[in-house]
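Novice: Residue numbers (my numbering), protein chains in the order written: chain H, 94 to 235; chain V, 94 to 235; chain G, 94 to 235; chain B, 94 to 235.
It is possible that part of the hints are untrue.
Same chains, same names: a pair is fine if it fits in one copy or spans any two.
[Claimed, not checked] Cut-off 20 Å, straight-line C-alpha distance, at most; resulting in silico cross-link-like pairs (EDC-like, lysine to aspartate or glutamate):
{"id": "1", "residue 1": "214", "residue 2": "102"}
{"id": "2", "residue 1": "214", "residue 2": "156"}
{"id": "3", "residue 1": "193", "residue 2": "216"}
{"id": "4", "residue 1": "175", "residue 2": "156"}
{"id": "5", "residue 1": "175", "residue 2": "210"}
{"id": "6", "residue 1": "175", "residue 2": "164"}
{"id": "7", "residue 1": "175", "residue 2": "191"}
{"id": "8", "residue 1": "214", "residue 2": "186"}
{"id": "9", "residue 1": "175", "residue 2": "165"}
{"id": "10", "residue 1": "193", "residue 2": "102"}
{"id": "11", "residue 1": "175", "residue 2": "102"}
{"id": "12", "residue 1": "193", "residue 2": "165"}
{"id": "13", "residue 1": "214", "residue 2": "191"}
{"id": "14", "residue 1": "214", "residue 2": "127"}
If you are wondering where the hints come from, they were derived from the structure by calculation, not from laboratory data.
Number of protein chains: 4
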Amino acid sequence: MFLVHRRVEFRDTDAAGIVHFSAFFPMMESAEHEALRSLGVSVMQPIGGGGHLTWPRVASHCDYLAAARFEDMLSIAVSIQKIGVTSVTYGFDFSRAEIKIARGSITAVCCLWMPGEPLRKTEIPGPLRARMQALAVDNTPS
Amino acid sequence: MFLVHRRVEFRDTDAAGIVHFSAFFPMMESAEHEALRSLGVSVMQPIGGGGHLTWPRVASHCDYLAAARFEDMLSIAVSIQKIGVTSVTYGFDFSRAEIKIARGSITAVCCLWMPGEPLRKTEIPGPLRARMQALAVDNTPS
Amino acid sequence: MFLVHRRVEFRDTDAAGIVHFSAFFPMMESAEHEALRSLGVSVMQPIGGGGHLTWPRVASHCDYLAAARFEDMLSIAVSIQKIGVTSVTYGFDFSRAEIKIARGSITAVCCLWMPGEPLRKTEIPGPLRARMQALAVDNTPS
Amino acid sequence: MFLVHRRVEFRDTDAAGIVHFSAFFPMMESAEHEALRSLGVSVMQPIGGGGHLTWPRVASHCDYLAAARFEDMLSIAVSIQKIGVTSVTYGFDFSRAEIKIARGSITAVCCLWMPGEPLRKTEIPGPLRARMQALAVDNTPS
């Protein structure tokens, strides 16, 4: 589990006066990237030959529990809910003080990007998987 | 079922060269609003006393099946998958020509907005529900 | 001059209840692209060798004259204010019915994109320039 | 002058692989708000009677000097270029290390927002103006 703090910006809001439901998804992605950076992992891990790993998304979802507003300071708890051979599912818990705001997920697939070639699904490399385990939910000290 | 056509704009794309996964959600919402307008229904239906109905979202999701790119012309089929006493779930099928691009949903709750009062969940008014039935999946002529 | 019609979407608004000032810029860009398509010109004109033209922006501005709101139907008049050897400045006039909403501009530079090479500024090709003249302000029939 | 640091997020980029030109405007606004918070000033200063000040934008511009990319750490120097009786113009200098990335501005007008009333332009209150002077360019110690 990795904790990100983020203040709601004005552009995240809409004419209903609250954070737009779609604005939670870029926040999840930024929290994912920050969590990976904290592990020394780049989202675009180079793999030789001018190529790199890339993680296209296959699914995302969000449940909205309470409204968030301009300038709210949100906490986003990032965890890995499931890590398979080629894919990973991140979970995100948004809260403000003790109030649960939203709960979302993103599932991404590990792919090989080589210049001039189509994307190819690939196994998550062992050393990378090992580092990502630090975010696994069942890895949180109890 | 209601069909919307929409061309991918440059701002919808990201540095991976494809439509960003989060950009599908505002497209869903616009398709929802366009479907409601086609029924003569306003998303902010006035209800007297200076108030109006409003539809905060409680859940959204999207499955990504194939990449969409700048200037692609997408078709978005909007339907109502479920309409309860106070809530409605819309389904959205994105395609380009014969290729399925994405499949998503938004669940919204019918609320009463009155000036200076907190939002209050309310039953979907009968006449409104009747019109929305036109979008119900089991209402599509077979 | 080329005229684009566009309905304000909910995601374009902010908690002040109006279209966010930054949301006018993607609208300008989409109108630019639609104007170019109307001339049979691609924004990413292929130029052989796997390369294409690309138009990075060097300046943009917008003056806000009146607020626009959710579901407003806007007209955007696109024109070319100035076309130089390597750069072009587009003008955009936003209005709703008879009300002037905003007036903006984007200046872009014609560059050569070749795979694996840095961008290189280049002259706007003659045939392309000839077609773009159709949008020039001094070309509007009087 | 007030300095903000901000990492480029993936959603800020576009299919040209760089930060989209429109994405600089929400960054300017967030930097403005952060600068005001640093002075103990709220963007929505309460003024009694349930009302508050609000700052609709009348103009914005940006000059683009060099491309910014995903995960770049940007510095944004916020200053007040001009403060009039009812309006203020902020300047923003974006840089990455020693490289100048962009230079922009936002001009906003001080207005009174009272529930149920149209916006009314008003003089910037003296105490507020006094605090904002801390950001004035000619106030930077030399």
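Novice: With reference to the structure, classify each hint as holding or not holding.
Specialist: Consistency of the hints with the structure:
1. 214 to 102: neither (36 Å within a copy, 24 Å between copies)
2. 214 to 156: between (29 Å within a copy, 17 Å between copies)
3. 193 to 216: neither (35 Å within a copy, 25 Å between copies)
4. 175 to 156: Both ways: residue 175 and residue 156 sit 19 Å apart in one copy and 17 Å across, limit 20 Å.
5. 175 to 210: neither (29 Å within a copy, 40 Å between copies)
6. 175 to 164: Close neither inside one copy (32 Å) nor across copies (26 Å); limit 20 Å.
7. 175 to 191: neither (26 Å within a copy, 32 Å between copies)
8. 214 to 186: Neither: 28 Å inside a chain and 24 Å across chains, both beyond 20 Å.
9. 175 to 165: neither (30 Å within a copy, 30 Å between copies)
10. 193 to 102: within (19 Å within a copy, 24 Å between copies)
11. 175 to 102: neither (31 Å within a copy, 24 Å between copies)
12. 193 to 165: Classified as within: same-chain Cα gap 13 Å, cross-chain 31 Å, threshold 20 Å.
13. 214 to 191: Close neither inside one copy (40 Å) nor across copies (23 Å); limit 20 Å.
14. 214 to 127: Answer is neither: 24 Å inside a copy and 35 Å across each miss the 20 Å cutoff.
In summary, the structure is inconsistent with hints 1, 3, 5, 6, 7, 8, 9, 11, 13 and 14 from the numbered list given earlier, while agreeing with the others.
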